[in-house]
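Asker: Please work from the sequences and hints to get the whole structure.
Protein sequence lines, in the order shown, are assigned to chains Z and Y.
At position 88 of the first sequence (counting the first as 1) the number is 88 in the working numbering, and the numbers step up by one without a gap.
For the working numbering, add 1000 to where a residue sits in the second sequence, where the first one is 1.
No lab work stands behind these hints: they were computed from the structure.
Virtual Cβ for every residue (Gly too), placed ideally from N, Cα, C.
Each hint should be verified, as a subset may be incorrect.
Claimed, not checked - From the derived model, a few chain Z residues whose C-beta atoms are all more than 12 angstroms from chain Y:
#, residue
1, D6
2, E76
3, R113
4, D126
5, V130
6, D131
7, G132
8, E133
Claimed, not checked - Where chain Z lies over chain Y, by a calculated footprint (3+ residues, C-beta under 8 angstroms):
#, region
9, 1025-1036
10, 1054-1066
11, 1078-1084
If you want the building blocks of each chain, they are given just below.
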Amino acid sequence: MALNPDFVGRSFPPAPAYLVGREKIREFARALGATDPIHLDLEAARERGYPDLVAPPTYAIRLSMAAAENVVIDPELGLDYTKVVHGDQRFEYSRPIVAGDELVCTVTIDDIRSAAGNDILTTRADIATVDGEHVVTSYSVLVARGTDGGDA
Amino acid sequence: MDIVEGMELPARTFTITRADLVRYAGASGDFNVIHWNERIAKDVGLPDVIAHGMLTMGLAIQVVTDWLGDPSRLLTYGCRFTRPVVVPDDADGAELTVSATVSGIADGVANISLRAVCEDVTVLSKAIATIKVA
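Answerer: Now the structure itself:
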C-alpha cells in the first residue's frame, strides 16, 4: 500500500523528556560488550573530562526509534508496521550522550517513496537537551516489505 | 597518533549468541520477536533468529571508538543493513568480524570505512564513520 505523501515534512511534538540514567548506560554498554571504562566507571569518565558516564554512540537509537514508532503507527500514514525492517541508520553527533542528560526527541518525516514494491520511509529524530542544546540527530530508513522477511 | 589515509585499524571478531540477543533486547528496548523467537522468524521467511541490526552496528563502531579512545571525536556514523546476522541456537552463536580503514582525510575530518562480515557475507554496507582528526 502506498504511503500518504502528505506526511513528508511533517514534524511531531516531542515526547516527554528522557532522563539518561547511569545504570541504563551501563546496561547498554554491557549488552554491547563495551569495555571502555568511560561507559562503566564514573571516575574514569570524569578523569577524561566528562561530567558523568558516557553512552555508547548507538545509544541514541533508544530515544529515536521509540519516538519514530509513536509517529509511524498513525493509521493515516498507511504504514504496515508489522512488515517494517530497519534499512539504513545514520547518526550525526554534536557530543556524546552522558548520564544526567534530559533529552527531548523531535521526529520529522523527511521522505516517503516506493521502490520495488516496498514502502520506504526516512525519519529524522533531532535529540536535544531540555535547554535546547543539540546532542545528536538520528536518521532512520524504515522499509515496509512483503512477507518474505529480511534483516532488521 | 597520526591518522593517515589507508591506515588499517585493529580488526576484531565478536561472538553473538542467543543470550547476547536477549541481553541487547532488554538494554535497547527492541523486543521484535524475530530476534528471539525461532518459530516466528521462520514464519516470516528468515532462516533462523537474526541479530538486531543495531547490535551489529553498535559492535562494529567499537573498532573505531576503542582505537580513537575518545567518543567525542566521532562526528557521524551510518550504515545500511544489507544482510542479516543469523544466530543459531547453540553455544557458538555467530561470528562477526569487523575491520576498518581510513579511507580519506579532508579539512580535519577522516572518513573511516568499516567492513562487517559474518559467514563470508558482508552484513553492513556503506558503513562509514567520520571523526575529528585531532
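Asker: Count residues of the region 1025-1036 of chain Y with a Cβ under 8 angstroms from any Cβ of chain Z, then say if the count reaches three.
Answerer: holds (count 8)
Asker: Since D131 (chain Z) was said not to touch the interface, does its Cβ keep a gap of more than 12 angstroms from each Cβ of chain Y?
Answerer: holds, 19 angstroms
Asker: Mind verifying the non-interface call on R113 (chain Z)? Its CB should be farther than 12 angstroms from each CB in chain Y.
Answerer: holds, 16 angstroms
Asker: Taking 12 angstroms as the cut and beta carbons as the points, is D6 (chain Z) off the interface with chain Y?
Answerer: holds, 27 angstroms
Asker: Minimum Cβ separation between G132 (chain Z) and chain Y greater than 12 angstroms?
Answerer: holds, 20 angstroms
Asker: Is the nearest CB of chain Y more than 12 angstroms from the CB of V130 (chain Z)?
Answerer: holds, 21 angstroms
Asker: State whether the coverage of the region 1078-1084 of chain Y by chain Z holds or is violated, taking the criterion as 3 or more residues with Cβ-Cβ distances under 8 angstroms.
Answerer: Coverage by chain Z holds for the region 1078-1084 of chain Y (7 residues, Cβ < 8 angstroms).
Asker: Would you check chain Z against the region 1054-1066 of chain Y, counting CB to CB pairs closer than 8 angstroms, and say if three or more residues qualify?
Answerer: Holds, because 9 residues of the region 1054-1066 of chain Y bring their Cβ atoms closer than 8 angstroms to Cβ atoms of chain Z.
Asker: Test the statement that E76 (chain Z) is away from the interface with chain Y: the closest C-beta pair must be farther apart than 12 angstroms.
Answerer: holds, 24 angstroms
Asker: Does the no-contact call for E133 (chain Z) survive, Cβ to all of chain Y over 12 angstroms?
Answerer: holds, 14 angstroms
Asker: Taking the shortest Cβ-to-Cβ distance between D126 (chain Z) and chain Y, state whether it exceeds 12 angstroms.
Answerer: Correct as stated: the minimum Cβ-Cβ distance to chain Y is 15 angstroms, above 12 angstroms.
When the structure is compared with the earlier hints, no violation turns up for any of them.
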